[in-house]
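Colleague: Chain by chain, the residues:
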Amino acid sequence: MTNINGKAYAMNAVTPMKTWKTPILLAVFFLIGVFKSAQKGLVDLSFIHFARWVVVQNNQFPRLAPEQPEEQLKYDYLLFFSNFNGTWNEYIDAFSAVLSSGLNLIWRWSEKFPGSVPVTAFKRYISLVQFDTDYYYTAYPYATTSDVKAAIRVDDALQEFANRAAGLTPEEFQQSYLQLLVKVQADIGALGPAPMGT
Amino acid sequence: MVKLNFHDIQGFVARGYNFPHASFLLAEILDRQAGREFVRHTAGRVTSAERWQQGKPPSTLNIGFTWHGLRKLGLPDATLLSFPDEFYQGMRARNRILGDIGRNDPANWEPVWKENVHVWLAVYAQTPDELATRCGETIGLMRETAGARLLYTQPAAAIKIGGQPTSKEHFGYTDGFGNPDYEGVERDTIPGQGKLTADGKWAPLATGEFILGYPDEARELPACPVPYLLGINGTYMAYRKLHQNVARFRVYLDEKGKQYAGGKEKLAAKFVGRWQDGTPLELSPDRADPALVRNQSRNTNFTYGQDQDGARCPLGSHIRRANPRDAFGFNGDLVNRRRIMRRGMPYGDYTPEDQLASDQDEHGIVFMALGASLFRQFEFVQQQWISYGNDARLGSDKDLLVGCHSGGGDKFVVQGAADAGNAPFICGGLPDFVEMRGGDYFFLPSLTALRLIADGAVDPR
Amino acid sequence: MANQNGNMYGLTILSPIIDDPKSKVSHDSALRLYLQNMPRHAYSPFTKVSGTHFCRLVVMDDVVFVGSPAAEEHLKSKYLVFNSNLYGGLDAYLAEMARKIPDVVDDIWSHCVGYPGVADPSAFAAYMKKCQIETTFFFADVNDKTVEQTLRALQMKVEFTAFIERNQGASPAGLLREFAAFWERVRELPLPPAGVKDLAKSHAAIA
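Protein chains in written order, with our numbering: chain P, 324 to 521; chain C, 4 to 464; chain Z, 1347 to 1553.
Chain P with its partners taken away, still in its complex shape (with noise of 0.2 Å):
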């Protein structure tokens, strides 16, 4: 299954809008840019390495040769593409569940869009404008967004504690190696398969 490469998967999706639409898309993201709260329900949720919006409008598809004919459209289009973790379901219910605001917000500008409640109908609308990945790599297919993060603070204060021991009596560097646990206690998880997807 293409889409999917250990714990990651590589959706994509095109939908279509009306072209007096795509300015208006457009300062929406120019805000959420400015406004780095605006993303904190992303960093929250925890489930997406990376995503990306891309705004394709009717005249920028690339075209490198005469012979290429010239592309002749009414729409502009939204690309979307996501490395997210968990299954198809488990990561559109948990959008629809609580940043269904900022789904629409990006997503009403596009024709047909039923909104992202409820999920039902949201879901089947992302099986229309899904399409499937070729070839889908990643450098740590073994690791979620959540095992990155952890792996990171785990490192940062591994290094900090290794400084910091030198010279300390044996008492002391069990007591400053306490306080490195209970620093890293909630990062420890195993990096174990994931559930096959459903």
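Heads up, a few of these hints could be off.
[To be verified] For lysine-lysine, the following DSS-like pairs were computed, each having C-alpha atoms within a straight-line distance of at most 30 Å:
| no. | chain 1 | residue 1 | chain 2 | residue 2 |
| --- | --- | --- | --- | --- |
| 1 | Z | Lys1370 | P | Lys359 |
| 2 | C | Lys75 | C | Lys171 |
| 3 | P | Lys363 | P | Lys472 |
| 4 | P | Lys446 | Z | Lys1422 |
| 5 | P | Lys472 | P | Lys341 |
| 6 | C | Lys269 | P | Lys506 |
| 7 | Z | Lys1446 | Z | Lys1491 |
| 8 | C | Lys171 | P | Lys506 |
| 9 | Z | Lys1543 | P | Lys506 |
| 10 | Z | Lys1394 | P | Lys363 |
| 11 | Z | Lys1422 | Z | Lys1491 |
| 12 | Z | Lys1394 | P | Lys472 |
| 13 | Z | Lys1475 | P | Lys397 |
| 14 | P | Lys397 | P | Lys344 |
| 15 | P | Lys435 | P | Lys344 |
| 16 | C | Lys171 | C | Lys269 |
Rather than coming from a laboratory, the hints here were simulated on the basis of the structure.
Using the hints provided, position chains C and Z relative to the given structure of chain P.
Modeller: Same frame as chain P, now just chains C and Z:
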């Protein structure tokens, strides 16, 4: 306010009966016509969810069907195809999704699960005599109609300690807290059982999370088999016979309890998230509190928001995994569609704490989970929160109690604080404390639906 | 710069695929087949392009018709989407592609219109930039770690978790000694290879 039709909903679906004795009968439908006769007669005796005006009856009867059972009873193809995938496939075929591998693989299940399990019948009773009578009647009905054949009887009973039935299970934990609270059910709202509102109060969940035909938490009607009349007021059940390795558990707890600074009782509490008497760790991290347990408005009234690092209730403890409440943020909104209505009952003889247990003894729990969507609720919790840990930021660590650990490297982390008396502690080398002996998915129709099935009058339009 | 998020760069390339009615096998079919058979995981060519955290190749056949009252329309060409989440700058990344995996780049992009080959890195870079679409919004959960740093951190997590479990209940002197040995050992560990599907197996491979 949702008004539920209690005459139509099966009693087992809407209520935890709280009887000390039960038997679960598994049967095969022998013939379409005779099978329908059997269903017709049974439908007349099935216990509905109506209030018991004259006190508890001596016994109750409820019924459910596997997909193959419904097919044998001659439901039309279009209807059969409108049931969800997981129900059609059955629990056996979905073993890899559920983590039923290794020792729990269906190849090792009890032989009955290789036969044609079509019908599940639940008989609850106040006394063993009444249990025998009601079971006898039901089995007699199978014979008289020649519609069904008994394949297996699973007895179950509340564990008695000092002659009194308790709500303990075999590892010694008091069970039965935290069943979801939903709209329309006639029961005192117990704070902590529902969902969290924006201002931190508890509200009942949408009925459609547990009973088909009513709006669910996603603000739509849940997917329902066709015709609507067949599905409404019905629900799905995951039935699992879970053997408990009591000896292995006690040995493990003893060993680790000696190493753990907080001691054995506290470690036992850390495994589950409640002390063995039921006191929630979140409310009372240092000692069991019987008064708290007895207080309905407190014994399940807690959240994890103030305990993000798990120092009170470990991040991977059983109840925190099975019902994360607000642990994932977003005011608990990620959890509302993943709740399970539990109806479990222990089976087998209880080995008192001071006696030597044997893992060869027949004892464990008949685990039953109800919900409007097996895939979204029971299967999801089993796969993503019990057999895996990423949502709880625990990587691929599994639930200590119920997880399938065969492999050997699994661990459970007790988060702590920077003092020696409460230091973080790792319980490694987890063995399998629970073994899956077999089970399947059943549909529990409404009384109206039962009569439609009996009459062969299911019309899928 | 919408393509940039911290040190991460979101590269989106749409390369029109050659439409040659005279070819026996259409370019998009050939490309699909090639991608299907391209080595994966630790054997992926992208393990050699060091800035690559996540990347994908997708043959986009057409836009979607979402149903009336939306209008039906079609693309006149198919496009190869190359989407990479890379650490660092674009120029260095394209240069590395040309230098480290020229054969693979040729095999893939030779199916695309106007592809100049990879022998002249600046011509290749110019071509890719002609096909580049500006990322409108780029989200990155972690935006400041190289692939190496990420792999190293993951390795540390595994190693240290095992250490904690092994040394639970150790005496102060014992702990000090064990940690010194541990710290010396882990810093000499070879970096886990990029792209490996199963870390445990890669551990066994190294150990």
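Colleague: Now, for every hint given, state plainly whether the structure supports it.
Modeller: Hints and how they fare:
no. : hint                    : result
1   : Z/Lys1370 <-> P/Lys359  : violated (52 Å)
2   : C/Lys75 <-> C/Lys171    : violated (38 Å)
3   : P/Lys363 <-> P/Lys472   : holds (15 Å)
4   : P/Lys446 <-> Z/Lys1422  : holds (29 Å)
5   : P/Lys472 <-> P/Lys341   : violated (39 Å)
6   : C/Lys269 <-> P/Lys506   : holds (22 Å)
7   : Z/Lys1446 <-> Z/Lys1491 : holds (22 Å)
8   : C/Lys171 <-> P/Lys506   : violated (36 Å)
9   : Z/Lys1543 <-> P/Lys506  : holds (29 Å)
10  : Z/Lys1394 <-> P/Lys363  : violated (33 Å)
11  : Z/Lys1422 <-> Z/Lys1491 : violated (40 Å)
12  : Z/Lys1394 <-> P/Lys472  : holds (24 Å)
13  : Z/Lys1475 <-> P/Lys397  : holds (25 Å)
14  : P/Lys397 <-> P/Lys344   : holds (12 Å)
15  : P/Lys435 <-> P/Lys344   : holds (13 Å)
16  : C/Lys171 <-> C/Lys269   : holds (18 Å)
Hint compliance for this structure: hints 1, 2, 5, 8, 10, 11 are not met, and every other hint is.
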